[in-house]
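We have chain A; now place chain B onto it with these hints.
So the chains spell out like this:
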Amino acid sequence: MAGICSYGAYVPKYRIKVDEIANVWGEEGERIKNGLGLIEKSVPGIDEDTATMSVESSRIALERYELAFNKSAIANAVFVGSESHPYAVKPTATIVQEALGFSPNVYSADLEFACKAGTTAMIIINSMVDSGKIDFGIAIGSDTSQGRPMDALEYSAGAGSASFLIGKENTIATIVDHYSFSTDTPDFWRRQHAEFPSHGGRFTGQPAYFRHVISATKKLLERTKTTVNDYDYFVFHQPNGKFPQLAAKQLGIPKEKIDLGLVTPYIGNTYSGASMVGLANVLDNCKGNERIFVCSFGSGAGSDAFIIEVNANIRKIRQTEKEYHRLEYYIKRKKYLSYGMYAKHRGKLKGLED
Amino acid sequence: MKKNLALVWRRIPQRYRLIGSLCESCNEKFFPKRHFCPKCRRKGKIKDFQFSGKGSVYSYTKVSVAPEGYESMAPYYLAIVKLDEGPLLLAQIVDCEDDEIHIGAKVRKAFRIMNKDGKEGVINYGFKFIIDN
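If you're matching them up, the sequences are chains A and B in order. Heads up: the first sequence is residues 9 to 362, going by this note's numbering. Heads up: the second sequence is residues 10 to 142, going by this note's numbering.
Chain A with its partners taken away, still in its complex shape (with noise of 0.2 angstroms):
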């Protein structure tokens, strides 16, 4: 049976803090921190974008795998989920399987699925690793999103990746079910050439994050028969630090058992990388014989729901792995920015060269 064989997670060395945008704005930081539940965000640097994350935290992932099983994985799909790919025509992912010596026989393309694109990509993964076709792939979550100046998603929009190595061969994980729930729901978009996503205000919460979230979470644990005791760790899509609380607290889920995979409040929503950040400091935290619910959603909209077990293998990775393949050691690792440097960074300055 496919599994997660390794995995990694990556996030910018900078960071602004929800207070300085709200002094450019006029608005009052502590209503926006309290209302969000975050109180900074990732930034990305000048030189990095959607490709270069996906290829530091799936090479954390190979590293990660190569030191506790003392040898390398070569993997032959590599998919990246992204809404900030760096071209509109050129893949990502060739880029990333370029870097990370698997070019060429390797199945690789870019998924678009605003912030669930990644966990889309773990699935096909595991359904191809799942079928024979394929010894290993590597499935990745990452974003460099933009948020409109003086928007609300300012505030929250990060940059961050996720990559998780699956396979057969010395699983620390088993993806043991996984459910998708998707509909037509127009909650958040970005048109083609726009530079900037729209979204639908109070909309994106009820009939979008709140159905769809809800919704894959109750039916896989309903074709599963199992309920909430059942699990060690709940992880959900974090566009901010508040709708991840609300949906547990509608599920019925301790908050402690949330806590973890909550990482949005430090480095911003990660988009396509969220949830799989999330369950990559849940990740972190294993000993073994754990049991994981994550449920990522992305606007448009729909829900990726999975049910992971963590096995013994997981402490071959605990003993072997280097303080940088921690997701904490990136949590930690911060310079704050100005708004100035930070319009700088994300190149929103008005005849400024890309």
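There could be a bad hint or two in this list.
[As the list claims (entries may be wrong)] With a Cα cut of at most 25 angstroms, we get these calculated SDA-like pairs of lysine to any residue:
no., chain 1, residue 1, chain 2, residue 2
1, A, K356, A, I54
2, A, K342, B, G113
3, A, K343, B, D107
If you are wondering where the hints come from, they were derived from the structure by calculation, not from laboratory data.
Below, chain B alone, put in the same frame as chain A:
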């Protein structure tokens, strides 16, 4: 102006993965790639070699007046990095503060954007280094 695409494409293995050369006769390693061992001459056996991407700062400078295409990155550190396997190469040290860099500082490779060929041209990626604490 479109840069020479074939030239950029040929350098992908070297720039993305630090692929250099190894002479199997004398065990000397080279970066960038060589087709001929200057020591063993025609007795040399050259093959591709992937460097680990670990090394240390051999020397460095802070660039304040950057060349065309790098202006937005200034000020930045440019260093001669001594790879653990031997060769020296020139690279940018990124995400680095003034008090972190010094001669002998351990570094490891990072994958970053090198430059962009205008707003519509190709994005060139490649290796840079970060301080390995």
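Quick rundown of the hints versus the structure:
1. A:K356 <-> A:I54: 12 angstroms, holds
2. A:K342 <-> B:G113: Roughly 23 angstroms separates the two Cα atoms, so the pair holds.
3. A:K343 <-> B:D107: 13 angstroms, holds
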